[in-house]
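If you read the protein sequences in the order shown, they are chains A and B. Using the working numbering, read the first sequence as starting at 42 and increasing by one per residue. Using the working numbering, read the second sequence as starting at 42 and increasing by one per residue.
If you are wondering where the hints come from, they were derived from the structure by calculation, not from laboratory data. Treat the numbers as computed from the prediction; the structure is a model and nothing was measured. Hints are supplied without guarantee of correctness; some may be wrong.
Intra- or inter-copy, both count: the list cannot distinguish identical chains.
Unchecked claim - The list that follows gives simulated cross-link-like pairs (lysine-lysine, DSSO-like), each with its CA atoms no further than 30 angstroms apart:
hint: 1; residue 1: K719; residue 2: K650
hint: 2; residue 1: K719; residue 2: K362
hint: 3; residue 1: K735; residue 2: K222
hint: 4; residue 1: K362; residue 2: K718
hint: 5; residue 1: K702; residue 2: K650
So you can see what is in the structure, the chains are spelled out below.
Number of protein chains: 2
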Amino acid sequence: MIVSALLTAVGLNLLFTVLLFALYSILRKLPGNLSIYAPRLLAAARQADDGETLTRAHFNIDNILPSVGWVRAAWRLSEEDLLASSGLDGVVFIRIFVFCLRVFSVAGIIGIFVLVPVNYLGDQLSIDDFSDLPNKSIDLFSISNVDNGSNRLWFHFSAAYIITTFICYLLYNEYKYISDKRVSHFMASKPMHNHFTILVRGIPVRGGGSISNTVERFFMDYYSSTYLSHVVVRQTSKLRHLINDAENVYRRLTHLKSVPRTSQNVGSGAGTGGFFRRFVKKDPVILYSKKLEGLEENVRLYQSEVTMAGEEIPAAFVCFKSRFGAASCVNIPQSDNPTEWVTEPAPEPRDVYWPFFSTSLTQIWISKFIVFVASIFLIIIFLLVAAFVQGLTYLEQLEIWLPFLKNVLKIAVVSQVITGYLPSLLLHLLSSQIPPLMKLFSTMQGYIANSEIEKSACGKMLWFTIWSIFFANVLTGSVTSQIQMLLDPKDIPALLAVVVPAQASFFIAYVVTSWTSVSSELTQTMALLSHLFTCPCSKKASNEKINEPSISYHSEIPRILLFGLLGLTYFILAPLILPFILVYFGLGYIIYRNQLLNVYSPKYDTGGKFWPIVHNTTIFSLVLMHIITIGIFGLKKLPLASSLILPLPILTLLFNEYCNKRFSPIFRAYSAEALIKKDRGDENSPEMRDFYEKLVTAYRDPALMPLNCSGTSNDRHSPLLS
Amino acid sequence: MIVSALLTAVGLNLLFTVLLFALYSILRKLPGNLSIYAPRLLAAARQADDGETLTRAHFNIDNILPSVGWVRAAWRLSEEDLLASSGLDGVVFIRIFVFCLRVFSVAGIIGIFVLVPVNYLGDQLSIDDFSDLPNKSIDLFSISNVDNGSNRLWFHFSAAYIITTFICYLLYNEYKYISDKRVSHFMASKPMHNHFTILVRGIPVRGGGSISNTVERFFMDYYSSTYLSHVVVRQTSKLRHLINDAENVYRRLTHLKSVPRTSQNVGSGAGTGGFFRRFVKKDPVILYSKKLEGLEENVRLYQSEVTMAGEEIPAAFVCFKSRFGAASCVNIPQSDNPTEWVTEPAPEPRDVYWPFFSTSLTQIWISKFIVFVASIFLIIIFLLVAAFVQGLTYLEQLEIWLPFLKNVLKIAVVSQVITGYLPSLLLHLLSSQIPPLMKLFSTMQGYIANSEIEKSACGKMLWFTIWSIFFANVLTGSVTSQIQMLLDPKDIPALLAVVVPAQASFFIAYVVTSWTSVSSELTQTMALLSHLFTCPCSKKASNEKINEPSISYHSEIPRILLFGLLGLTYFILAPLILPFILVYFGLGYIIYRNQLLNVYSPKYDTGGKFWPIVHNTTIFSLVLMHIITIGIFGLKKLPLASSLILPLPILTLLFNEYCNKRFSPIFRAYSAEALIKKDRGDENSPEMRDFYEKLVTAYRDPALMPLNCSGTSNDRHSPLLS
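Hey, can you work out the whole structure from these sequences and the hints?
Pasting the structure below:
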């Protein structure tokens, strides 16, 4: 890629970014869009009963002019507010940006003010000709331009050591900061159901008797002093289907009722009188109401049946009188047979993933293996697709594939757009389809909580991203070359040192394109479009429940970490990428703070359990950088530097080992000290009586709750039936 | 190796084995050798005060004739008796032999009656000439002789599937059997100190106050209902040095006193009267007595000093009132800082490795890393030595190295002994020097119990054995070729398929040689020699304490498992090895049963924790066999079989995963169910009062015990001082 192509890409994306920002600042002020751009605000207002005033704001000329007030608000948001509104997970999410901004500020300064000049002053690639900068390859700014065996390479060597030290220092501090936050967040928390509850699976039933009785007997026998109550999980998959049907019918009914009668008549019944009569007779509203009525009755009958004598699943939520009681029961194996009475901490009630419970432990082990194989296949299939996309950066190849485009491709702008912009856009689009699939895979693995599912999906997405975006592109997309690399570990440094720099231009373009994609997060394009298409024809009920979306960490975190990986691996090779990455993180920081404040509400709180993933990925990126650096010094005929880099990955891995020993246990379980202190704090609290009462019923399958029976708005719906 | 050389080796070793058996059956009946061949019997008799009758048995002609009575006794020993005398670890140790005997009986039948005929009927290697069997290479019986692409290879294919299924079936049963045994052993056990005690490390002292007070405060605060008492560990390394000195002096003193006066005079004082007088004045007995007296005084003073105000180490044994109390404290993290209040189950008091306690947690992590590196270096150094030994199997090479031997080597017997016997003998000797070194390494890793040290050393020895004996020999000893192999994983099957069969003769010879080495375990050659050299000149005090040796699992188990590995890897390639391996396990079974009965007394009881190591190694051997089989089918131009073997390693690993999930938790901790049941059983027992009293003092550093002060026999020694 030449400099002018890069500038084109930067220009285009800057333009898009500014446009999107402007668009957002206008759209967000339109009252009709409140449910998209500030659902949290709207929901809060609804609760305070002034939602109407919010949506019915007066028209004002200011409202259609772009403004930057929201940027200021997002910038000023303090960490305490963030913690209160989005939980510790939200804080951790924003800390990723803070961490990356810190890393790449320092890396950027070293890269731009030391490495880029050093690279540019070399003359491995070209003669010294300072004129005609726009037509020069951006490789001139990369390490490829430094002369072989040149002593200037020691700048790069020192840079590797300096940045590694700095990042390890930051990683340690950040891990410490977040684990302290986790503990203090726990210490400041109100009594929470999940702290008092454990989940027991693999309950053995011997010689008759119900599961409920077996659980009762077991815990009364062995934990009589701390045991409070239990809820056995019941088979509700059939019931869930029924409820789903009812909800679908209800949704269609509301839609029908909201469409004005006239348009309905015009659409379907503009015929003879007989036709019209038949139409009235079969008025869909009445039809659907009847159907819904029947379904509801069914659900209610079936619910009581299940509650009374439904099939019990050998799993139960067991509640304890104290946090310490629950924790000490989780941590000790209950039975001599490790497949029986398997205990684990219960998730928050809102976080439980109910459909899972029908699977047994053996099924879970098998499906884990199947999912593992399926994930690998998914990566391989994606690689085949990516191979095609990657081919687009080579114009000549494109001309061979699609010869009829030859003339079009000769136009400079078109070719620049295609080489600089199209491939990365396609990759962005394609990879956005993967997270839901990975989440589905994780769901199949039998996790009991949504948070666990997302955490597992996050790990899968990370592997996917690293293999399908990074390695697929540096190894020019072929599956075989990736497998080849894995099977020839000793050649990895040399191989990477050749192929990674070759893709510098592609990844610079990729980073630049990402500005647009992160800004489009702001405008919520998909949500906006669906809102626009449903809005004009249906008069939305003003008191309908607002759908507050939650941020999907499993797709966002890997995407952000990919840029960290790119920045670190290209730090030595092509430092020109760093300022663009810095801009990405800057945009992301502001945008996601705004989104967490206004749009996303937390669906669960893992207490910062996503941070260890971030930590480990950063360590992986560092080691990958070291490996590539070893290779590049070998290529550049500076074997001494190549061997002197060797201690760096080893020290980094030892540092990681230390951090994991020091901090990761904090993310697995709370300490006895903390638990007992919290328990004592509550001991004399008058609220605990209420809390225990609620605890007993907290873990009930939502499918069995009568209130929920016809979907999201029983309150509106019931009058219709009566 | 030709058949006659193999027969020579078999003949030689059979002869040695029979000789050693005969020698043992004679030697064991000599009263003077009782302390070597039946120390357990002697110790038991001493306790019952009839040791004198045992040692002073009348001379009888039967006593100097070989007999097989001991074989019968060893054969008849029931598992209950073994459990009573050697603990569960002894039972597990013998189960390894039982397991291997079962595996190799079936493997042997398949190998000898199916595979050997199939191999011999091929004609890849030679023309069909059934005469002159003795001069034929034993390769004729190996898979190398089967024609390329022959359908007869499907026999080998089926054999691989059959034996894998059979072994997995056995492994599952054995794991189940031993884990059941472990639980029932626990349920039948008397109250044991270690079940009630935990070890706490990393005790933080903030703002003055002793460690003892901190521990007391912490456990009284958080575990007031179950906490009983605690013992803080004190720095006693200096004291231990003093005690060591005193013991050395005492040993020398006893030796001097036991040597008859006359020989002493003859040796040193046959001079003038003045000389004689000076000699009397400096009588070493008196001198050493004085020195010992002084040392003892020192020890006593220093002991009271340490007990009063000695430097405390931030580690303590904390005793609880119940097993469940101790277990629930171990399993939960105590502090928000995972490096503080680190808990782990306490080992048995006799099992504690006291010198360790001076190291902090960080030191332990660092030394773990150092030990890891050192172990790898040890393997590499050993490989260099092994390379030389391996060279001996190639006579031509030996002639090049040592040209002066040329004439000697031409004698048939000499060359047969050298190629068939010497290399393996040298390897046996060399590798016997490694276990103490590995144990030292494990000691440095900061384990708190001798059993843990031996378990860790066992793992290290396994790696060592597999790399230095197996891989070093198949890859003809060079370090670089081993590293090469690791770095080229995709070529492993093909490489192994070439090199492993090539070493079949060496390993057959190795197995045959092992008969002698396992029989020499019976005669305890080293102990016998040292006994013979000390016996004639010193009249051993009849009431001196008998030194009951303990079996060192960390050197024995890997050695046995190596033969399992050899048998499995050569099962397909050279089934001729199987009967020899079967003989080895048969000998081992009888010999070790005898030794456990008479010689070795258990130093600790891990409750069968060595079994998972055996299980995992067997799985490793199986997968290695599969990999080699894949390679060999490739070489033999039967790619279909090669790919159809592929599911086998995957299924085996999945089976292993299942077994680990199903059984290994049982070996990590006892279940709440079992603990609470045991606690309830003891609740009303009158003995518990006594037990608690003893518990409080059970974990005292032996260096601080007054009784122990002048070594092993305070009772004899004290009168001398008074």
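30 angstroms Cα cut-off: does K719 pair with K362 within a copy, between copies, both or neither?
Both: 12 angstroms inside a copy, 25 angstroms across copies.
Could you place K702 and K650 in one of the four classes (within, between, both, neither) given a Cα distance threshold of 30 angstroms?
both (15 angstroms within a copy, 25 angstroms between copies)
With 30 angstroms as the alpha-carbon cut-off, assign the pair K719 and K650 to within, between, both or neither.
within (21 angstroms within a copy, 38 angstroms between copies)
Regarding K735 and K222, is the shortest C-alpha distance of 30 angstroms or less found within a copy, between copies, in both, or in neither?
Classified as within; 28 angstroms inside a copy, 44 angstroms across copies.
Is it within a copy, between copies, both, or neither that the alpha carbon of K362 lies no farther than 30 angstroms from that of K718?
Both ways: K362 and K718 sit 14 angstroms apart in one copy and 23 angstroms across, limit 30 angstroms.
When each numbered hint is compared with the structure, no violation occurs for any of them.
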